[in-house]
Structures are given as structure tokens and as C-alpha cells.
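There are 2 protein chains.
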Amino acid sequence: MAEILKGKPVADAIKEDLIAKIAEYKEKGIVAKVAILRVGARPDDLSYETRVLKNCDAIGMESQVVALPEDCTQEEYLAAMKSLNDDPLVHGILAFRPLPKQIDASAAADAIAPEKDIDCMNPKTVSKLFFDDMSGNAPCTPEACIAILKHYGYDLKGKNVVIVNRSMVLGRPLSMLFLHEHSTVTVCHSRTKDLPSVTRNADIVVTGIGRARFFGPEYFSEKNTVIDVGINAKPEGDGICGDADFDKAEPIVSAITPVPGGVGTVTSMILLRHVVDGIARL
Amino acid sequence: MAEILKGKPVADAIKEDLIAKIAEYKEKGIVAKVAILRVGARPDDLSYETRVLKNCDAIGMESQVVALPEDCTQEEYLAAMKSLNDDPLVHGILAFRPLPKQIDASAAADAIAPEKDIDCMNPKTVSKLFFDDMSGNAPCTPEACIAILKHYGYDLKGKNVVIVNRSMVLGRPLSMLFLHEHSTVTVCHSRTKDLPSVTRNADIVVTGIGRARFFGPEYFSEKNTVIDVGINAKPEGDGICGDADFDKAEPIVSAITPVPGGVGTVTSMILLRHVVDGIARL
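In order, the protein sequence lines correspond to chains A and V.
Using our numbering, you'd call the opening residue of the first sequence number 7 and step up by one each time.
Using our numbering, you'd call the opening residue of the second sequence number 7 and step up by one each time.
Incorrect hints may appear among the rest.
One copy or two, it doesn't matter: identical chains are merged, so the pair holds either way.
[What the hints assert, rightly or not] 25 Å max Cα-Cα, derived DSS-like pairs, lysine-lysine:
| no. | residue 1 | residue 2 |
| --- | --- | --- |
| 1 | Lys199 | Lys229 |
| 2 | Lys199 | Lys34 |
| 3 | Lys199 | Lys156 |
| 4 | Lys34 | Lys229 |
| 5 | Lys27 | Lys39 |
| 6 | Lys163 | Lys27 |
| 7 | Lys88 | Lys156 |
| 8 | Lys14 | Lys60 |
| 9 | Lys163 | Lys229 |
| 10 | Lys107 | Lys14 |
| 11 | Lys60 | Lys27 |
| 12 | Lys199 | Lys254 |
| 13 | Lys240 | Lys199 |
| 14 | Lys88 | Lys229 |
Rather than coming from a laboratory, the hints here were simulated on the basis of the structure.
Quantities reported herein were computed from a predicted structural model and do not represent experimental measurements.
Let the sequences and hints guide you as you build the complete structure.
Structure below.
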């Protein structure tokens, strides 16, 4: 029987902390505020936006959406970004990506003010993470993985961590965060040989390959604490499931995050924490 | 009996290639040129400078040293950098660090033009490496490790690589380069548990802890190819030695780089390769 590392208690703890801090700032006349910069109206963006706005409401944070038309020019986009950068009432900016092709992704990334960059978009923010400088913001999902482990009291020093993902949004930044915690970090991927023996021997396994229930019992041992970052449609129909085959892994491993109700639950609160942390930086 | 992976044949191959490319550019009226930006006259900087200038001479590359006084202001430093950035005859800039404290290291790093940044100083160059975008330059020592392995015909795909170093100049960038080569990468350090068993099980071991002959026979097996990045004073007196106890490791492992005559020999040629590669980017 594994310990189930649910996301909600972690998100709730962050939320409570944010509510208190936002109230404190309000007494000083500072109203925490996030701005969303969106181009067009992709359904993914809209549903993410709705969630962020709902979370803002729940913690007393102001929000503003700047929605540009799908065919806006790069100049218009950069001007909108600049006006959010320059707005002293905005403490964090979430700029949805990918952008339409008339807007250069690299110019957009350079344009966001590093001190308002809550989703690790600007190269300067990326570079800070790489240089173990924690004054910038890491991407939210990797940070949520660490937040869950810390919430449940895990000491990460010297732990053997295996991350099955080498992307720019998960595996690479997460490897930097675990190194910061003094873990020994192995990054695996599709070319890794004998992956089951690598994961079985890890203290902490992070799965992030985006394949429903890919990780069966042969990947796990009683040593494992499993952080499942996968969010996949259930093969049999309605609902979502993780990369780990939860029902088969749970009797074997020491601890595991559920999907839904695990990492994803925490990620959105991390984003808003970056906004509040940003107030002190401005 | 291990294969000895000497640096000289690798450096020579790069050198030959550079000589040919520089001659080709010369025919087109382009004279490859590197600029060194130095503040003060630290002995380390001067000896590095001498080596770079000597290597330039050997391959027909022009060079220029801009030496600022130890007490120069940040404005003077940034102005000197800008003039090298703007100089169309300069294709790469090597800016020595650390800088005296009146010059902000972060402002200096931001100031170097990314297309002339031959030593991975600008956050934009760092961020490219992190994002697996090989159009920037990696730091020279990590790149030398990869160059040696490739020169000697190693296929890195799926290989288990263990890097004993998590610094910004070696372990972290090198982990990105090995991920680019589709290796499975483990980054170890002083908090890693049972390091000997981790290194013994690796296909490739990179040692970079800066302790003379720290890695004795217990760290190695016949599976290992060892890339020794350590450059240490010999405990018994004159000369340098690596992090691996070469005489004890060599009979055990499959292949090993010597110190001296290994990675260090290649690093300086990588730097000049970045200058020549940069010509195409300008």
C-alpha cells in the first residue's frame, strides 16, 4: 500500500499562504495582479485562461486579459508586452504560446520583463535556472513536482532521482531543480537502455512521456516514490490518467501521485505564487 | 590495457580543419579574427592569453587584445565590449572572468553579442544550449569531452553517462550536450550516495572534481570509458595529474584520457573553432 501523494493538500497549503500574503500586501495598498497576454482564441488557451482567472478570484488576486487578434503583427504583440512590462500595477505576465508564425518566438521571449516572467520564458530567466540562481522563476510543472515532495516531507539530498523526460518544459528544468536540492539526477528518454531497471533502482521516479499507463509493474519497486506528470486521455473513454499504470504500481511502490489530483492540481497555484513572489522583486 | 584517448590527435584534426577553413575565408577576403577582452593582469589570464595567441598564430588567425586597467569603470568595460561587438573585422570575443567587483558580472554577460560569444557567456547563448538549439556555442571544456569521444568513434546514443560535476562550466552544460547525443545522463556530486557503484556501472564516466587522483580502482570497471577533466598539481611535486588515479585505473577500464595530454589539449582548439564557426553567423 503506497502513500498517495495527493496534490490538493499541497495546492491548499500554497493557496492559504497566498491568500495571507495578498491580504498583507493589500493593507499596504498593493493589489497583486496577473496579466494574461493571448493571441487569437485557441481552445487550449481559453480553457487554461478560465482556470487561471478562477484561481485568481479564489485567492483575491486581480487579473487582466489582453487578447490580440490572431492576425496581429509582431509590432503590435511587442507593444502589448511592453505596456504590461511598464504597468506598475501588473506583477506577473503569462504569455500564451505557441504564437502564430508572424510573431518571432525568440523576440517574444526576449520581450517579457524578467522580473514579471512567471513562466520561465525569457532567456535570462532560463539562464538563471541553469546557473542555480533561484531568484528567477522555474517553469511551473517542474516546480510543482518539487513542491509535492517537500510538502510530504521528503528530504531530497543524495536521493537518486530518475526523470523520464528530457524536454525543455519538464526534464531539463526539473533536473536543475533536483540538482539544487542536492539529489543525484538521471535524465532518461526513448533511447535509454533497459529503462525498467533504471527506474526500479531510483528513490524518486518522475514519469513524463505522455503515454497512458505506459509504466507497468515491471518499472517499479518498493523503493520508488513516483511523481506522475503524465496527463493522458483514458484509453477506455472519459477522463484522464497518468503515465504510470496506477492500479498496478500502487501496490508495489512506496508512494505515488494520482492522476487526476496530483501534479496538475499544484501547477496552477505555483504560477500564482510566482506573481506574488514577484511583488517583492518590483 | 585501456585505449588511451589522447587529446593531441583530436586537437590536430580540428586544427587542420580550421587551417583549411581560414585559408578558404582568406581567399574571399575575410580574415578570421578573435578579440580578447581583459581587465587587469591576473597571472591566470595572462597565461591563458599567451596560449590563445600562440594557437591563433599556428592556424593563421588574427588576434587582438584589449587590456583595460584593473580599476576601469563598468561604463569603460561595456564601451570596450560594444566596440568589439560592432567591429565587423572581429568574429569572436573572449572576455576573461572573473571581473573586478566594480563591474557587474551580469551586465557584462548581457553585453557580449551572442553571435560573437565564443565561451557561452551571454544568457541567450546559455539558454540556447538548454533548449537544445546548437546554433550557439557551448562552453569549451564540455564540448572538448564530446569532441574526443566522437573523434575516437564512440556512438553516444543510449550510452549511460555519469558526470561527476554539477557546475555551470562543466556538469550542467555537458549534461545538455550528452542529452543532445541521446545519451542517458546522470549528474553526480559530493552528496551522491555510493559513488563508486554509480561510476562502475556507467559506459562513460566524466570526472571533474579537481582532486588529484581521487578516483581509485574502486570507482572503475571494464565497462568504463573515462574522460578525465581534472587538472591538479601532482601531490609529489612538479607537473599535473587528473582526478582519476591513472596508473591504477588504466589496467581496469576500457579507455581513458590522460592528464596532461587529454581534454585540456582539445579545449583551446574548440575555442578557436567557435571563432571560425562564427564567421558564417555574421
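How the hints compare with the structure:
In the homo-oligomer, the alpha carbons of Lys199 and Lys229 lie at most 25 Å apart both inside one protomer (20 Å) and across protomers (15 Å), since each shortest distance falls under that limit. Proximity of Lys199 to Lys34 under the C-alpha cut-off of 25 Å is found in neither arrangement, the shortest distances being 56 Å within a copy and 48 Å between copies. Taking identical chains as interchangeable, the C-alpha atoms of Lys199 and Lys156 lie at most 25 Å apart only when they sit on different chains, with a minimum of 20 Å there against 30 Å within one chain. In the homo-oligomer, the alpha carbons of Lys34 and Lys229 never lie at most 25 Å apart, since the shortest distance is 48 Å inside one protomer and 63 Å across protomers.
Taking identical chains as interchangeable, the C-alpha atoms of Lys27 and Lys39 lie at most 25 Å apart only when both belong to the same chain, with a minimum of 13 Å there against 55 Å between chains. In this assembly of identical chains, Lys163 and Lys27 lie within 25 Å of each other by CA distance neither inside one copy nor across copies; the values are 29 Å within and 48 Å between. Taking the shortest Cα distances, Lys88 and Lys156 never come within 25 Å of each other, neither inside one copy (36 Å) nor across copies (45 Å). Only within a single protomer do Lys14 and Lys60 lie at most 25 Å apart by alpha-carbon distance; the minimum there is 16 Å, versus 62 Å between protomers.
Taking the closest pair of Cα atoms, Lys163 and Lys229 come within 25 Å of each other only inside a single copy of the chain (16 Å); across copies the shortest separation is 28 Å, beyond that limit. With identical chains, the CA atoms of Lys107 and Lys14 are never at most 25 Å apart, being 37 Å at best within one copy and 46 Å at best between copies. Only within a single protomer do Lys60 and Lys27 lie at most 25 Å apart by alpha-carbon distance; the minimum there is 18 Å, versus 59 Å between protomers. With identical chains, the CA atoms of Lys199 and Lys254 are at most 25 Å apart within one copy only, with a shortest distance of 23 Å there and 29 Å across copies.
Neither within a single protomer nor between protomers do Lys240 and Lys199 lie at most 25 Å apart by alpha-carbon distance, with minima of 27 Å and 38 Å respectively. Taking the shortest alpha-carbon separations for Lys88 and Lys229, neither the intra-copy value of 49 Å nor the inter-copy value of 55 Å comes in at or below 25 Å.
Checked against the numbered hints listed earlier, the structure breaks hints 2, 4, 6, 7, 10, 13 and 14; every other hint is satisfied.
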